[in-house]
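Novice: These protein sequences, in sequence, are chains A and Z.
As numbered in this note's numbering, residues 1 to 534 make up the first sequence, in order.
As numbered in this note's numbering, residues 1 to 161 make up the second sequence, in order.
One or more of the hints may lead you astray.
Below 30 angstroms or equal to it, Euclidean Cα-Cα: the simulated DSS-like pairs (lysine-lysine) are [unchecked claim]: (1) A:443 - Z:85; (2) Z:49 - A:427; (3) A:137 - Z:115; (4) A:266 - A:318; (5) Z:119 - A:137; (6) Z:24 - A:509; (7) A:307 - A:350; (8) A:350 - A:427; (9) A:275 - Z:111; (10) A:510 - Z:24; (11) A:444 - Z:24; (12) Z:148 - A:509; (13) Z:111 - A:137; (14) Z:119 - A:134; (15) Z:111 - Z:49; (16) Z:148 - A:510; (17) Z:24 - A:443; (18) Z:148 - A:443; (19) A:444 - Z:49; (20) Z:111 - A:307; (21) A:128 - Z:119; (22) Z:24 - A:506; (23) Z:155 - A:509; (24) A:443 - Z:49; (25) Z:115 - A:318.
Output of the computed footprint for chain A on chain Z, the stretches with three or more beta carbons under 8 angstroms from beta carbons of chain A [unchecked claim]: (26) 9–15; (27) 20–27; (28) 41–47; (29) 110–122; (30) 143–156.
I should point out that these hints are in silico values taken from the structure, not numbers from a laboratory.
For every residue, glycine included, the Cβ atom is placed at its ideal position computed from N, Cα and C.
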Amino acid sequence: MTVLQAILIAILYYVANSPWPFGGLGNYATIYRPMVSGLVVGIILGDPVTGTIVGATINLMYIGFISAGGSMPADMSLAGILGTAIAITSGIDAEAAVAFAVPLGLLGALVWVGRLTLDSFFVRVADKYVEEGKPEKVWIANILLPQVLLFFMTFIPCFLAALYGTAYVKGFIDSLSGKFLGILSTIGGMLPAVGIGMMLLAIYKGRARIFFFLGFFAAAYLGLGILPLALIFLCVTLLMMVSEGDQEIVKRTESQEGVVEDVTYKYLTKKDLRKSWWNWMYYFQSCYNYERMQGVGFLHAMTYVIKRLYHDDPEQRKAAMRRHVQFINTENATGSVIIGLVAAMEEQNKESGNIGDEAFTSIKAGLMGPLAGVGDTLWQGVMIPLLISIFVGLSKNGNVAMPIVYTIIMYVLYYGFGYWLLNLSYKKGSEAILEMMESGIFKKVVVGAGYLGCAVMGGLVRNFVNLSCKVEFQQTAETVFSLQRDFFDALLPGLLALLLTLGCYKLLKKGWATYWVLLLLVAIGVIGGLAGII
Amino acid sequence: MRSIVLARIDDRLIHGQVVTAWCKTTGANAIVIADDEVARDEFSQRLLKACAPPGMTMHTLTLSDASSYLRNTGEGDERIILLTKTPGVMEYLLEEGVSIDRIILGGMGMKAGRKRFNKNVSASEEEISSMKRIVSRGVDIDYQMVPKERPVNVKKLLSKI
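So that you can see chain Z by itself, here it is in the shape it has in the complex:
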C-alpha cells in the first residue's frame, strides 16, 4: 500500500537534510515531488532522479498527477516522502482528498514578497493564510529541520502574526 511517511514543505526540495536525515529515520523508499514547474522541466527531472539516494524511487509529478497518484493506494509497499515547495501545494492536495496527517515545515527561502517567519522560513501573506487554513482543517504543521530537532508547532507562530 502507498502511504505518506513524511510530508514536508521545503523550497529546496530534496537536499542534505532530506537525504542524510529524513530518508533514514522514516524508512521511506520513495520520494514524490509535487511541483508543476519541476514536472515540466526535463533538466530538473533528470537531475532529481539522478540525485535520488540509493534505493529510492523518485517521482516528479505535476500537482494533478501527484494528487491522483497519492490518492490511489496502489500495490506494493511504497513509503513516500512527499515534498512541496509551498504550503499552497499541500493545501491543494488536502483539498483533493489526499490523506496527510501532519506536515513538516523545513525551509522557505527569503525572496521578494516574503517576510521572515521563523528561523530559515520566510513566507508571503498568501502562504501564511494557506498555512492557517491547513491548520484549521485540523492538520498539524510543525517546523522541524531534522528529526533530531524538537518540532515546533506552527500554530503558535501563526497566531502571533
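Bound-form chain A, shown alone:
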C-alpha cells in the first residue's frame, strides 16, 4: 500500500464518522456500512470488485447492529474499511477477512467513547456564545472544533493501521500454511450466523418465525436470490397486513380548533425552516457528548430561527439560545418533528411573547424519548437492516453498482421522511403528530418489516452462512458416502447453516455476550478444522 492510499483510507474512516457528505445519520446508514465503504476502499486500492465482495461479507456481521442513545457496541466502519484493505492487500478471501475485521470493530468502539467524552469541552464554548448572544458563532462549537478533534482521532490510528498494519498482516498471512488459512475461511463462513442471529433477536417472534423458514426454504429448494425473495415476500407481507388491518379501527380524536391563531410563516420564511432542518439532519450529532448529547446540535439548527425572529432583541435572543442548548437526545429523522414544532412555537412566542421556557422544555423533553423509540426501531431496527440485507445479497457477487443504488435509496427515503415530518409538525402542530402516532402506522410498518425481514434473513442464511461437513465413509469399493452430499444436501441444502444460525440466536437470546458466541464459533472452527470434520 502506498502512503497516498493509506492517507485516502484514513480520510475515508474520518468521512464515515463525519457529517459529510450525506449528513450525520445519512452517513451512518450508508458510508459507515462496510458494504458501501468496501467499494470505496476497493476503488482506492484499485480493485472495486473485490472491495465490494469483501465489504458486503463483513457487513453481514453487522446487520442487526443498533447504536441507540449514545451506546456503541462496535465500530463497523473501522471493521469494514481495514478488513477490506487487509483482504485486498494480502489476497485472502472475503470469509477470512471477516475473521480479521471483527476484532478491529471492537477496537474502534474506543474512538466513540473518547469522542463523547472529549466533545463535552466544546459545550463550554457553545455556552459562551449563548451568553454573548451570538448565534452566528455556534458553528464553531458544533462543527469546527469537534470535527477537527474527530479528524485526528480517526485519521491517525487508521492511517498507521492501513500503512503498517496491513503490511504486517500480509507478512503474517504469507507465513501461514494453507491449512490454517482454510480454517480461517471456515470460521469466516460461520461468523455471519452471529450477525444474522443478532438481527433475529429483534424480529424473530410470533408469526414472523414462519417467514424465516419460508425464506430459507425458498432459497434452499427453489434457489431464489435475495431480491426475488424479498419482492415475493413483500407481496405476501402486504397481503397479511391488509387482512390483519381489517380488525383495527383507527382511533381519531377531535382536533382542537381556534385555540391559537395561526402564525406559520408570518415571521419565518420557508427557507429559514428548511435551513434549520437541513442543519439538524446534517450536524445534529457533530458535537455529540455525554453531557448534553445533541444539545449543541439542536441549538445550531435553531440558530436560523433565532436569527430571524430575535435579530433586534438581544435579551430574547439569549433566552432562546439558552433554552435550546439544553440536553436533548433523540433520533435524527423522527426528531424533525421537534424542529418543526419548536420553530412554530418560537414564532408564536414572537407574536404573543408569552410562551415560557417551561413550555419549550416540556415539549422537547416529552417528545425526544418516545420519538427516539419509534425512530430507532423504524430506521436502525427495521429499514436499514432490511435494505442492507437485500443489497448485501446483490453486492456479494461483486456488483459495484449495488452499494451506490443502496446509498441513493437510503438517502431519498431518509430525507423524504424527515422533510414530511417537518412540514406536518410545523404546519399542523402536535395534535397532528399525536394522531399519526395513534393511527398505528409506524407499528404496522415495524411489524410488516419484521415479517419481511425474517424471510430475507432466511434467504441470507442459505446464501451466506457456510458450514459443511467433510466426513466421508467408504461405502463400497468404488463409492464414498459423503455426509454432506448424500445426507445433509439430500435432505435440505444448507441445513447445517440453518442449525448454526438458530443455535447462535438461542445463545444470544439466553443473554450470551456477542463476543462469547464469536469465540465459540472460532473454537468450533479451529477444532473441527484440525480434526477435518468441517
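Use these hints to put chain Z onto chain A, whose structure you have.
Specialist: Showing chain Z alone in chain A's frame:
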C-alpha cells in the same frame, strides 16, 4: 403474576435503548412509567401510549398509583419494565414496599443543579444522596445503557464523591 423484570432510571423515559434493546432482552410485555408530571399530562400520556412498542401495554401512573399497582401482584402474566426519571422515585417505591431487586441507571441529562456523575448521567446532590440511601438498603444500582454493555456498580462511583 406481576413482576418487575427491569427497573430503570432514565429521564428520557422510553426511548431507543429501552425500545430496541431492553424490551427485547427482558421479555417484558408491559411498561410502567411512575411520574406525577406525565400521569397528569394528557399529551404525554397519549404520546407514550402511541409510541409503546407493538405488543407492549403502557401504564403511565402517578407515584402513589404506581406504588399500589406494583405492590398488587395482580392476575395474568405481566413482566414489567419500570421507568422513572429520578432515583428519588425509586426510593419512594422501595419505601412503599415495592419489591425491586436491582436498579439500572440509564441516563440523566445535565440541567441546572446537576453535576456530571458518570458518562451520560448527571445528578444533583439530593439525587446522589438518594442513590446512597438506596444502596445502603441493599439494593444494587448499576450504570448500564444497554444490555450488551458491562454493568458498572454505582457504589464505587458514589464513594468517590
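Novice: Against each hint, give a clear statement of whether it holds in the structure.
Specialist: Hint by hint, here is what the structure shows:
1. Distance restraint check for residue 443 (chain A) and residue 85 (chain Z): the Cα-Cα separation of roughly 25 angstroms lies within the 30 angstroms cut-off, and the hinted pair is therefore satisfied.
2. Under the criterion of a C-alpha separation no larger than 30 angstroms, the hint pairing residue 49 (chain Z) with residue 427 (chain A) is consistent with the structure, at around 24 angstroms.
3. Between the alpha carbons of residue 137 (chain A) and residue 115 (chain Z) the distance comes to roughly 26 angstroms, so the proposed pair stays at or under 30 angstroms and holds.
4. Of the pairs offered as hints, the one joining residue 266 (chain A) and residue 318 (chain A) holds, with about 22 angstroms between alpha carbons and a cut-off of 30 angstroms not exceeded.
5. Restraint check: the Cα-Cα separation between residue 119 (chain Z) and residue 137 (chain A) comes to about 27 angstroms, which is no more than 30 angstroms; the hinted pair holds.
6. With a CA separation close to 9 angstroms, the supplied pair residue 24 (chain Z) and residue 509 (chain A) stays within the 30 angstroms bound.
7. Distance restraint check for residue 307 (chain A) and residue 350 (chain A): the Cα-Cα separation of roughly 12 angstroms lies within the 30 angstroms cut-off, and the hinted pair is therefore satisfied.
8. Pair hint residue 350 (chain A) plus residue 427 (chain A) holds up; C-alpha atoms about 17 angstroms apart against a cutoff of 30 angstroms.
9. Straight-line distance between C-alpha atoms of residue 275 (chain A) and residue 111 (chain Z) comes to about 28 angstroms, which keeps the hinted pair within the 30 angstroms bound.
10. Taken as a hint, the residue 510 (chain A) and residue 24 (chain Z) pair is honoured in the structure, with Cα atoms around 11 angstroms apart against an allowance of 30 angstroms.
11. At roughly 18 angstroms between alpha-carbon atoms, residue 444 (chain A) and residue 24 (chain Z) fall within 30 angstroms of each other, so this suggested pair holds.
12. In summary, the hint linking residue 148 (chain Z) to residue 509 (chain A) is supported, as the alpha carbons are separated by about 11 angstroms, within the 30 angstroms threshold.
13. Proposed proximity of residue 111 (chain Z) and residue 137 (chain A) is supported: the alpha carbons are some 23 angstroms apart, at most 30 angstroms.
14. Of the supplied pair hints, the one linking residue 119 (chain Z) and residue 134 (chain A) holds, its CA atoms being roughly 29 angstroms apart against a limit of 30 angstroms.
15. Distance restraint check for residue 111 (chain Z) and residue 49 (chain Z): the Cα-Cα separation of roughly 27 angstroms lies within the 30 angstroms cut-off, and the hinted pair is therefore satisfied.
16. Only pairs whose Cα atoms come within 30 angstroms are accepted, and residue 148 (chain Z) paired with residue 510 (chain A) is accepted, the gap being roughly 12 angstroms.
17. In summary, the hint linking residue 24 (chain Z) to residue 443 (chain A) is supported, as the alpha carbons are separated by about 16 angstroms, within the 30 angstroms threshold.
18. Distance check on the hinted pair: residue 148 (chain Z) and residue 443 (chain A) sit about 25 angstroms apart at the alpha-carbon level, within 30 angstroms; holds.
19. Of the pairs offered as hints, the one joining residue 444 (chain A) and residue 49 (chain Z) holds, with about 15 angstroms between alpha carbons and a cut-off of 30 angstroms not exceeded.
20. Only pairs whose Cα atoms come within 30 angstroms are accepted, and residue 111 (chain Z) paired with residue 307 (chain A) is accepted, the gap being roughly 25 angstroms.
21. Distance restraint check for residue 128 (chain A) and residue 119 (chain Z): the Cα-Cα separation of roughly 22 angstroms lies within the 30 angstroms cut-off, and the hinted pair is therefore satisfied.
22. About 13 angstroms separates the Cα atoms of residue 24 (chain Z) and residue 506 (chain A), which keeps this hinted pair within 30 angstroms; it holds.
23. Distance hint between residue 155 (chain Z) and residue 509 (chain A) is fulfilled; the C-alpha atoms sit about 29 angstroms from each other, no more than 30 angstroms.
24. At most 30 angstroms may separate the alpha-carbon atoms for a hinted pair to count; residue 443 (chain A) and residue 49 (chain Z) meet this at roughly 12 angstroms.
25. For the given pair, residue 115 (chain Z) sits about 23 angstroms from residue 318 (chain A) by alpha-carbon distance, which is consistent with the 30 angstroms threshold.
26. Only residues whose C-beta sits within less than 8 angstroms of a C-beta in chain A count toward coverage, and the stretch 9–15 of chain Z has 5 of them, enough to reach three; the restraint holds.
27. A count of 4 residues in the stretch 20–27 of chain Z with a Cβ less than 8 angstroms from any Cβ of chain A is obtained; the coverage claim is therefore met, three being the minimum.
28. Using a Cβ-Cβ cut-off of 8 angstroms, 5 residues of the stretch 41–47 of chain Z lie near chain A, which meets the minimum of three, so the contact claim holds.
29. Residues of the stretch 110–122 of chain Z with a Cβ under 8 angstroms from some Cβ of chain A number 6, which satisfies the need for three, so the listed coverage holds.
30. Evaluation of the coverage hint for the stretch 143–156 of chain Z: fulfilled, as 5 residues show C-beta separations to chain A shorter than 8 angstroms, against a requirement of three.
The structure fails none of the hints (numbered hints given earlier).
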